[in-house]
Amino acid sequence: AQSVTQLDSHVSVSEGTPVLLRCNYSSSYSPSLFWYVQHPNKGLQLLLKYTSAATLVKGINGFEAEFKKSETSFHLTKPSAHMSDAAEYFCVVSDPVGAGKSTFGDGTTLTVKP
Amino acid sequence: SAVISQKPSRDICQRGTSLTIQCQVDSQVTMMFWYRQQPGQSLTLIATANQGSEATYESGFVIDKFPISRPNLTFSTLTVSNMSPEDSSIYLCSGGQGQYTEAFFGQGTRLTVV
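Chains as they are written, first to last, in this note's numbering: chain A, 1 to 114; chain B, 1001 to 1114.
The shape of chain A in the complex, shown without the other chains (with noise of 0.2 Å):
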């Protein structure tokens, strides 16, 4: 079984200032673990995955991420935020075994204020 449970429901940051989306994981297996944002009214975004190589992974548009297994925990961050990255966030688990099934958490919206 896995899940995975995204710390915040809502962040807000000024334009400029860095950006933290928390999330927390549960897996039997070694988890492969992604980040996906969705705009408005749009599709979603591949933004960063782990599968099991580099802890620290980056991503598109200055994201990066850092697998801690001991704290079960994938954060996203970024260190300046800007207006364009205001949208929903997703953490997700996927089960090496099936491919690419995939357990969503509840989604981080982030706001940036200018």
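Think of the hints as simulated: they come from the structure by calculation, not from any bench. Cβ atoms here follow ideal geometry from the backbone N, Cα and C, with glycine treated the same way. No false leads were slipped in.
Distance ranges between label pairs, derived from CB positions:
1. A:Thr109 / B:Arg1010: 17 to 27 Å
2. A:Gly16 / B:Thr1017: 49 to 59 Å
3. A:Pro114 / B:Gly1052: 46 to 56 Å
4. A:His39 / B:Ser1001: 15 to 25 Å
5. B:Pro1085 / A:Ala53: 41 to 51 Å
Using 20 Å as the maximum straight-line C-alpha spacing, the simulated SDA-like pairs for lysine to any residue come out as follows:
6. A:Lys42 / B:Gln1037
7. A:Lys113 / A:Pro79
8. B:Lys1007 / A:Gly43
9. A:Lys101 / B:Asp1026
10. A:Lys101 / B:Ser1001
11. A:Lys101 / B:Ile1090
12. A:Lys49 / B:Gly1098
13. A:Lys101 / B:Tyr1057
14. A:Lys101 / B:Ser1053
Chain B: place on chain A using the hints.
Same frame as chain A, but now just chain B:
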């Protein structure tokens, strides 16, 4: 990466009717999945579409309500049967190509039942 196309992109349907959503992948994928995203919510897995056999449904979803077909490795359909306003959601198709790889998502079908 695979590209997934869904048709229709949106529809408004009368209660009691059925709608079939098509999902086409531009390359062969090992697994295909159907998800539902209710308004303001995260994605919930409906079922795994199995090629040439009955789909595997998640708890809370049944074949009579959501019949699924997958005649080959690149195509699947989801039917939402006997619709009610509670079925108003975005329905997304996704595909996976192997272990430790991310799932690819279609743009979704936005369904409104009136």
